[in-house]
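Residue numbers (the working numbering), protein chains in the order written: chain L, 1 to 179; chain P, 180 to 612.
Everything labelled a hint here was simulated from the structure, so no lab data went into it. The model shown is predicted, which means the values in this text are computed figures rather than measured ones. Worth double-checking, as some hints may not be accurate.
Pairs of lysine-lysine residues, derived as DSBU-like cross-links and limited to a Cα-Cα distance of at most 30 Å, are as follows [to be verified]:
| no. | chain 1 | residue 1 | chain 2 | residue 2 |
| --- | --- | --- | --- | --- |
| 1 | P | K226 | P | K486 |
| 2 | L | K92 | P | K575 |
| 3 | L | K94 | P | K575 |
| 4 | P | K275 | P | K486 |
| 5 | P | K534 | P | K486 |
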Amino acid sequence: MSLRTGEPPPQRNLMDRFIDAIELVAAAFVGIVAADVFVSVVLRYFFSLSIPDSYDFGRLLLGILIFWGIAATSYRGTHITVDLVWANVPPKGKRIIDVFATLVLLFVVTVQTYTLFDKVRTTRADHVLTFDLNLPTWPFFAVAWAGDVSAVVLIAVRTYRLIFRPELMAPGPSLKALE
Amino acid sequence: MGTDAVALLGFAALFALMLLRVPVGMALGLVGVSGFGYLVGGEPALKLVGQTSMRTVTDYTFGVIPMFLLMGAFVSTSGMSRELFRAANSFVGHFKGGLGIATIAACGFFAAISGSSVATAATFSAVAYPEMRRYSYPQSFSTGVIAAGGTLGAMFPPSTVLAVYGIITEQDIGKLFIAGIIPGLIAVTMYMVTILIIGMVRPGFLPAGPQSSWRERYAALRQIWAPLLLFLFVIGGLYGGLFTPTEAGGMGAGGAFIIGVLRRRLSGGDIRRSLLQATRTAAAVFTILIGALLFGYFLTITETPQKVTAFLTGLGLGSYGVLALIMLMYLVLGCLMDAMAMIILTIPIIFPVIKTLGFDPIWFGVIIVMTVELGLIHPPVGMNVFVIKSVVPEVKFATIFRGVLPFILTDLIRLVILIAFPLLATWLPRTMG
Chain L
1 MSLRTGEPPP
11 QRNLMDRFID
21 AIELVAAAFV
31 GIVAADVFVS
41 VVLRYFFSLS
51 IPDSYDFGRL
61 LLGILIFWGI
71 AATSYRGTHI
81 TVDLVWANVP
91 PKGKRIIDVF
101 ATLVLLFVVT
111 VQTYTLFDKV
121 RTTRADHVLT
131 FDLNLPTWPF
141 FAVAWAGDVS
151 AVVLIAVRTY
161 RLIFRPELMA
171 PGPSLKALE
Chain P
180 MGTDAVALLG
190 FAALFALMLL
200 RVPVGMALGL
210 VGVSGFGYLV
220 GGEPALKLVG
230 QTSMRTVTDY
240 TFGVIPMFLL
250 MGAFVSTSGM
260 SRELFRAANS
270 FVGHFKGGLG
280 IATIAACGFF
290 AAISGSSVAT
300 AATFSAVAYP
310 EMRRYSYPQS
320 FSTGVIAAGG
330 TLGAMFPPST
340 VLAVYGIITE
350 QDIGKLFIAG
360 IIPGLIAVTM
370 YMVTILIIGM
380 VRPGFLPAGP
390 QSSWRERYAA
400 LRQIWAPLLL
410 FLFVIGGLYG
420 GLFTPTEAGG
430 MGAGGAFIIG
440 VLRRRLSGGD
450 IRRSLLQATR
460 TAAAVFTILI
470 GALLFGYFLT
480 ITETPQKVTA
490 FLTGLGLGSY
500 GVLALIMLMY
510 LVLGCLMDAM
520 AMIILTIPII
530 FPVIKTLGFD
540 PIWFGVIIVM
550 TVELGLIHPP
560 VGMNVFVIKS
570 VVPEVKFATI
580 FRGVLPFILT
590 DLIRLVILIA
600 FPLLATWLPR
610 TMG
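Kindly generate the complete structure, drawing on both the sequences and the hints.
As structure tokens, then:
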């Protein structure tokens, strides 16, 4: 893991605001999932009631939040990384490593997005439904997949910026905090 | 090429990619799928990617991670840490090294509601460090105490690292959380004793703070009802079998939110920040979880865990000898990578060895988290040290590492105690409802 501090805030253009919006979408879903779990438990213990499909909604929304979160995390460069070499090379070396790592990231996420589309397609074809309300699950998968598509777009933007416009790279959050 | 050669090549490629700063999860996924594709075929390998990714992110059990992360984010943002430190300080601050003891106590409590080592270290760098410096505590000691206190986040429930260990090894996450309590309390006690010993060995090194009156102590205690209530609510529900771990996380996040809002400690901006923080971290954790599961298929097809198990058990070292070897490997790995990456990368290979040797998986979870948490404070990676340095940039890395040394020694002794007395970790989960 690594830290990023002390960098001046860059000017925020349309793309930055778009990225912020994506991150906010994911963040909103975290809140919704937490609210779903909280309300379900409260209703179960205090009113002997249950929200129909609470379990399915919870897990499907979780999928959405994670893929949209990965989009923002990939752009911000706040994935878990081993920084041993990166931290000990001069700035030019750092940039080369960053470009290489981002290109690999772009390749992996592109392949993932392609294969996820197949998963969405087969889920639709198989008519997979939620347990209580019998709602089709594929639209949830499709929204999650859209998050992965935006991840590809954002990583492509990151790659372009790293190579051609490094001054535009927004600094990540101050900490890549994990455990 | 034989499977052994492919496996070795895979590991070499994995380490090369990670050293070139490719995100750990992506490197795991890429190598895992490429290796699987080479041995089995491209089409089944590609199918694995979509299926595994979607199955992982829509697994309700895994929801435990973002839920507890959100709870920790609300707790951190709503400033409960300051109240905890003030309360602890009012009771022990007047002893020599008392501010250090108060820091450890408050870190332990904060860890129990945030579940994050990094958040604990970052928070107390801002809360406790200025206080300690105000009373002329040495820089090395002040930062060392905070770095060590921060590691408690990995031990006390809801520890994210323990949750990930539970997911990978398919162990009961609730039991793992509860198993961490007694070892966590032992850690707190041993850190405090370490501070007292430092005070005795080096008279004059650690000053005493002013003594609080009983009225001040009572007032400080009244301020910590919120974190106390939250802890009892979440852990009590988990221990009593009222909540699943994911539900406990959701209830904790909801509880922290309600407490924060009612006490006017969470503004709209704070809530937004907390949600963003939880999302970022959850996305990073899930990325490596997906990667680890994809890499797991590669390990299975190359029979790496079985081969490693056969190799280690065939060394003739005995079960504790092999365990010691594994611990040593983790300590060395701790010099290269952080706790989460270590757990996700190595547990699928090491866990079958542990099962073959007949060790309790819950106990091993606690032991392994204790071992990897050492990596949070020992050089050269020492994540907690980096966190403290980012909050108090005027302190040199060498100074912080010097301050941490006595606590590393304490951790090693604690590890030996836990290995000698497994009951310390396994007793409490056995009594769960």
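- Query: For which of the previously enumerated hints does the structure constitute a violation, in increasing order of number?
  - Reply: 4
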